[in-house]
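Next come the chains, spelled out residue by residue.
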Amino acid sequence: MIDTYVIPLIKILFVLNATLIGVTYMVLLERKVIAWVQVRLGPMRVGPHGILQPIADAVKLILKEDITPTRADKWVFTAAPIIVMVPALITFAVIPFGPTVHMFGRDIPLYITDVNVGLLYIVSVASIGVYGIILGGWASNSKFPLLASLRASAQLISYEVAVTMTLVSLIMTAGSLSMVKIVESQYNANLWFIFVQPVAFVLFFIGGLAETNRAPFDMAEAEQELTGGFHTEYSGMRFALFFLAEYANMIVVSAVATTLFLGGWLAPFPNVDWLNFLGVVPGWIWFLLKTFVFLYVFLWVRATLPRYRYDQLMRLGWKVLIPVAIANVIATGIVKVLL
Amino acid sequence: MVLSAVLFMIGVAGVMLRRNIIVIFMSIELILNAVNINLVAFSYQLQNGIGQVFAIFVIAVAAAEAAVGLGIILAFYRNKETINIDEMNLMRW
Amino acid sequence: MGHAIAFYVISAFVLGFAMLVITTKNTVHAVLFLVLNFLAVAALYVLLTAQFLAVIQVLVYAGGIVVLYLFVVMLVNLKRQPEDHSSPQRRPWLGFALSAVVLAQLGAILVWGGYGTPADPHTMQNSDLAVNNVERIGMLLYTDYLIPFEVASMLLLVAMVGAIILAKREL
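Residue numbers (my numbering), protein chains in the order written: chain B, 1 to 339; chain D, 1 to 93; chain U, 1 to 171.
Calculated directly from the structure, the hints in this document are not laboratory data. From the three backbone atoms N, C-alpha and C, an ideal C-beta is built for every residue, glycine too.
Here are the computed lysine-lysine pairs in the BS3-like style, where the Cα-Cα straight-line distance is at most 25 Å: (1) K181(B) to K11(B); (2) K32(B) to K60(B); (3) K60(B) to K74(B); (4) K143(B) to K74(B); (5) K168(U) to K143(B); (6) K143(B) to K25(U); (7) K181(B) to K336(B); (8) K64(B) to K74(B); (9) K74(B) to K25(U); (10) K168(U) to K319(B).
Computed spacing ranges between beta-carbons, pair by pair: (11) T143(U) to A303(B): 50 to 56 Å; (12) L46(D) to L9(B): 31 to 37 Å; (13) I147(U) to W36(B): 55 to 61 Å; (14) P268(B) to K25(U): 57 to 63 Å; (15) M172(B) to A108(U): 45 to 51 Å; (16) V161(U) to P268(B): 45 to 51 Å; (17) P8(B) to A108(U): 41 to 47 Å; (18) M237(B) to L157(U): 41 to 47 Å.
Start from the sequences, fold in the hints, and give me the full structure.
What follows is the structure, given as structure tokens:
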């Protein structure tokens, strides 16, 4: 009774809280990192070195007036930010944060649940997130957000295909769809999958950048494009929810990339005897470190690269990424059969 | 099984009663879903994977049909500016 | 016991959303109810231990096909309700009659079909098909049903080409 209901509930609460706090501080981290790249300091006033900046932002956004455009569809207008946020959060249910630990006299696995179709669940949940963007643009009842949202959703569904193809070759390498088993197979192979499938890693990263509407693919929401994109008419907390959802998506993509390619909670070169001293560091700290590396690369890329034009973006997705992903699948299949 | 029967009936009613062609297509999707539920229920009862395999094929066919159907609607709309199925009578003399 | 309650609750959602799909006047709302319907059906599949099919349903149906529908709805940009005037050739009672006949037939099959006892959820959930769902379906797809699988892929290719040609502005 306790094992099936209470412990997952505690895990869910813990993960949700950690995610939301992480997302809030991502805002600050982004501004700081981009500032340092641009040889300036970023927010420094609120709290020491700007640590309390997200709290100030949150208070400001909550106190802002909540404007709903006239003749906009009220239910859909309210629901759109929620529809974007929820898939980002529920993905965390299948990501393994660490091995089974022994706490309070019980063996508690450090993941909320182990679905035997875990990876596919993540992809399908990501495809639900597209709805929020389409509905957000449509419910605003004005031309510019509608066009921007259609463009953004076209971009998202194109790169979904590329990412799914990439994941197919990874599933073939790992032999299972379950996230926990993928980590275990990296343990058994003594090697992180990034060394086995470097092409897939690059493709997944580019696809992840495009999936989360992140620079250099952030056509949909940059301020200079189409007067603010699909969230033009949103103000206050709903606008904040859109942005937090984007950062949550970034964290999800980083966590998934960590699990798939960098071995989740495993130390470098796991299961190799003379490197076992690295096992002193607990698994979840490795996980957090690796996820943080990915997040940092996301921010770094945003600060460095210019933006893609829309047709260049679509051309890249359909004509470059998908053929390379399919070639990767074929190559993986051949290698698997021969070895 | 009762569930899939009722869902099927709702889909058929939708196809017959609504004039908006997009809603008609969506009712067809409802009918296909009802069939899928039936297949999965049998697969569960008899513990044979074939029901689920066939359901996958049904989903694939439904995807193909939806794509082509929506293409037809778009092409038609460009010419006739209507989605009321009673006005789509190009083949009537 | 819990299994039955879950089944009835999810079935209520499935049917409720389906009714809303065919009765809403606003087309965008109808599409949204369709999405919710598909998600409820996916939940039903999970209850019936068809996990792979459930995720495929969400991925392809709810995440792909309905997005297509939503795109078309917005490009067609329905503001006026096309149900304003009724054509004299339309006979709504025929629709109801047909549905009632279909339902009566199905009801007759159910009542006099001679079905056995319902399955015991506990054994069903721990069966081989349930636990190794993905592997079993994969084996079936690639060994016994390989030819339908290849034919389905050809079908999808043809449909893709057809849809692109139909929707192009200039050929």
